[in-house]
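J.: Chains as they are written, first to last, in this note's numbering: chain A, 1 to 332; chain B, 1 to 332.
Since the hints were derived computationally from the structure, they do not count as laboratory data.
One thing to keep in mind: the hints can contain errors.
One copy or any two copies: either way a pair holds, since identical chains are not told apart in the list.
As the list claims (entries may be wrong) - Computed cross-link-like contacts, DSBU-like style, restricted to lysine-lysine with a CA-CA straight-line distance of at most 30 Å:
1. 299 with 59
2. 63 with 266
3. 266 with 97
4. 322 with 266
5. 266 with 59
6. 299 with 63
7. 266 with 112
Protein chains: 2
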Amino acid sequence: MTETNLRILLAARPEGAATLDHFRAVEEPPPAPRPGEALLRHRFLSLDPYMRGRMNASKSYAKPVEIGDVMEGQSVAQVVEDLSGTFAPGDWVLGGKGWQRFSAVPVHALVKLDPDAAPPTAHLGVLGMPGTTAWAGCTELAQPRPGETFVVSAASGAVGSVAGQIARRMGARAVGIAGGPDKCAYLRDELGFDDCVDHRAPDFPERLAAACPDGIDSYFENVGGAVQQAVWPLLNDFARVAVCGMVAEYQGDLQPGPNLSSVLRKRLTLRGFIVSDFPRAAPTWRATGARWLRDGTLKYREDVTRGLENAPTAFLGMLTGKNFGKTIVEIT
Amino acid sequence: MTETNLRILLAARPEGAATLDHFRAVEEPPPAPRPGEALLRHRFLSLDPYMRGRMNASKSYAKPVEIGDVMEGQSVAQVVEDLSGTFAPGDWVLGGKGWQRFSAVPVHALVKLDPDAAPPTAHLGVLGMPGTTAWAGCTELAQPRPGETFVVSAASGAVGSVAGQIARRMGARAVGIAGGPDKCAYLRDELGFDDCVDHRAPDFPERLAAACPDGIDSYFENVGGAVQQAVWPLLNDFARVAVCGMVAEYQGDLQPGPNLSSVLRKRLTLRGFIVSDFPRAAPTWRATGARWLRDGTLKYREDVTRGLENAPTAFLGMLTGKNFGKTIVEIT
Numbered sequence: 001m002t003e004t005n006l007r008i009l010l011a012a013r014p015e016g017a018a019t020l021d022h023f024r025a026v027e028e029p030p031p032a033p034r035p036g037e038a039l040l041r042h043r044f045l046s047l048d049p050y051m052r053g054r055m056n057a058s059k060s061y062a063k064p065v066e067i068g069d070v071m072e073g074q075s076v077a078q079v080v081e082d083l084s085g086t087f088a089p090g091d092w093v094l095g096g097k098g099w100q101r102f103s104a105v106p107v108h109a110l111v112k113l114d115p116d117a118a119p120p121t122a123h124l125g126v127l128g129m130p131g132t133t134a135w136a137g138c139t140e141l142a143q144p145r146p147g148e149t150f151v152v153s154a155a156s157g158a159v160g161s162v163a164g165q166i167a168r169r170m171g172a173r174a175v176g177i178a179g180g181p182d183k184c185a186y187l188r189d190e191l192g193f194d195d196c197v198d199h200r201a202p203d204f205p206e207r208l209a210a211a212c213p214d215g216i217d218s219y220f221e222n223v224g225g226a227v228q229q230a231v232w233p234l235l236n237d238f239a240r241v242a243v244c245g246m247v248a249e250y251q252g253d254l255q256p257g258p259n260l261s262s263v264l265r266k267r268l269t270l271r272g273f274i275v276s277d278f279p280r281a282a283p284t285w286r287a288t289g290a291r292w293l294r295d296g297t298l299k300y301r302e303d304v305t306r307g308l309e310n311a312p313t314a315f316l317g318m319l320t321g322k323n324f325g326k327t328i329v330e331i332t
Numbered sequence: 001m002t003e004t005n006l007r008i009l010l011a012a013r014p015e016g017a018a019t020l021d022h023f024r025a026v027e028e029p030p031p032a033p034r035p036g037e038a039l040l041r042h043r044f045l046s047l048d049p050y051m052r053g054r055m056n057a058s059k060s061y062a063k064p065v066e067i068g069d070v071m072e073g074q075s076v077a078q079v080v081e082d083l084s085g086t087f088a089p090g091d092w093v094l095g096g097k098g099w100q101r102f103s104a105v106p107v108h109a110l111v112k113l114d115p116d117a118a119p120p121t122a123h124l125g126v127l128g129m130p131g132t133t134a135w136a137g138c139t140e141l142a143q144p145r146p147g148e149t150f151v152v153s154a155a156s157g158a159v160g161s162v163a164g165q166i167a168r169r170m171g172a173r174a175v176g177i178a179g180g181p182d183k184c185a186y187l188r189d190e191l192g193f194d195d196c197v198d199h200r201a202p203d204f205p206e207r208l209a210a211a212c213p214d215g216i217d218s219y220f221e222n223v224g225g226a227v228q229q230a231v232w233p234l235l236n237d238f239a240r241v242a243v244c245g246m247v248a249e250y251q252g253d254l255q256p257g258p259n260l261s262s263v264l265r266k267r268l269t270l271r272g273f274i275v276s277d278f279p280r281a282a283p284t285w286r287a288t289g290a291r292w293l294r295d296g297t298l299k300y301r302e303d304v305t306r307g308l309e310n311a312p313t314a315f316l317g318m319l320t321g322k323n324f325g326k327t328i329v330e331i332t
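With the rest of the complex left out, here is chain A (with noise of 0.2 Å):
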């Protein structure tokens, strides 16, 4: 083999907002593999928000990516070499590990693909940890019913816009909150939420008010932040808030949270998770989503941007709300 293995490292911790001078690219052989492990081509990485956290020195709920490791993440890959005999060279497999190009990982680690069931890529997304974090905060925390309001931040986003979907089908109106007409255009004309609002309008929290005229029963929060305060008093009694991302809060910025009077005087519920919470989510979701993107009731978007070591840029986008669906790199 003479290709490189070209890897994205964490070069410096980020005090606030992330830049490209923390990300750092090298170029070194493949790794071989150990008995038991496949060495695979990384085709499609995908960058999701909980990275960010991965970059702070601060434990959260998984340990932080130490300075000069590869910066963590998952991929879709093909299979280069498996001396086990478990895989075929070639065979798609998701759980490759890393910004990298190659990885050599544990067969017993990898799920084989079927990559004319599904695109390789929707396992990154829609079908993915994203589209499983949305079932789960939907069906278990949030839990939308018939009749209620559900309003989803983010909602354009590899998480949210799984999540309206799922809420509708639940029977709740639909309403999510991204930036930018053209995210809202689409969340109401492509994936068919009720209503979608622009958190970047002057007078958003006016309109939040105006597209939520009963209130809101349930609030899948991704954001934090200035989202965040004008959701708050719309939620009526008995409001449930699955607290899954606040991303608009990962640089640094920490908000002062609401008073915990309004949790007492509306009987709120607020609960965080992970996906990894709930692991009977993954499986269900995967046959559940499965079958709505078979019968074309489920719908998705990819951003996808072409290069590994246009990963960092692709990323901090993400951050501030540059991408337009699920954010993946194409790793040529």
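Place chain B on chain A using the hints.
T.: Then chain B, alone, in the frame of chain A:
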């Protein structure tokens, strides 16, 4: 009948802290019961923190008291007259209404009490609304489990003292937070709390941390403010917070809440409640608590002020922690 009906009215709405000037006493003739109503002579009035919310103009989970109206509250009373024949004169009942000596109340809204089974005042505290609140908050929300650490604030109060005892029964280590060494000694030595921390100590956050070496798995919130801020960093992953009251902030001194990134990072569940959200809790707790009172394993303490005219002073004292036990006014 020659006695007058002493009544304590809301004289003005407080801006910030309530004072004696916000109350006004009047003497009027006792009310004339209408068909279906019994005339009651109140014997013991319950004073509870929720009443502070009723003094504000804004709707909380219940309507405010109007200026010039009698303050809201519940009493145990004796029947003076019941033309329906449901109750005999002298019968003890729960259900007297308002800070006043007499009320006329529909007989269907009254609960007959057996003064030989439990002291009538127990139905205002340990077996009544506060005890039921503790029961619902523990069993439905905080859900302390064996081996876990349970923390309750305002721990010597009517709700907190029962909550800690229930949490111990449920197998958890119960740590109280109370104001002053006397209250802490009482909770440890008399009620069997595993530990108690004085929130007035200058190094309260460090003391609380020392009292919870394994962190906090469930927190019964009665106080808010600085106590809440000291509890927050100690919450463990998957901790449950039952938001029952925030008496430190009822006087208008609203603190910023915790940033919700902690809810996400630690996968917390926060849930607000009032006792009427759980209608089955009252009969369940009345029977359970009465059994524990009879066998001597459930303990309580009352802080009784004599004279309805002193109710405003007793109420204001309770809001700043001057009471020691369930606050009750004996109506002479």
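J.: With identical chains, the pair residue 266 and residue 112 could be close in the same copy or across copies; at 30 Å between alpha carbons, which is it: within, between, both, or neither?
T.: neither (47 Å within a copy, 32 Å between copies)
J.: Check residue 322 against residue 266 for me: Cα-Cα at most 30 Å, and say if that holds within a copy, between copies, both or neither.
T.: between (35 Å within a copy, 29 Å between copies)
J.: One pair to classify: residue 266 and residue 97, alpha carbons no more than 30 Å apart. Within, between, both, or neither?
T.: This pair counts as between: shortest inter-copy Cα distance 25 Å, intra-copy 44 Å.
J.: At most 30 Å between C-alpha atoms: does residue 299 with residue 59 qualify within a copy, between copies, both, or neither?
T.: neither (35 Å within a copy, 43 Å between copies)
J.: With identical chains treated as interchangeable, where does the CA-CA distance between residue 266 and residue 59 reach 30 Å or less: within a copy, between copies, both, or neither?
T.: between (32 Å within a copy, 11 Å between copies)
J.: Can you give me the call for residue 63 and residue 266, within, between, both or neither, at a CA distance of at most 30 Å?
T.: Classified as between; 14 Å across copies, 36 Å inside a copy.
J.: Quick one: residue 299 to residue 63, C-alpha cut-off 30 Å, is that within a copy, between copies, both, or neither?
T.: neither (33 Å within a copy, 46 Å between copies)
Violation of the numbered hints given earlier is confined to hints 1, 6, 7; the remaining hints are satisfied by the structure.
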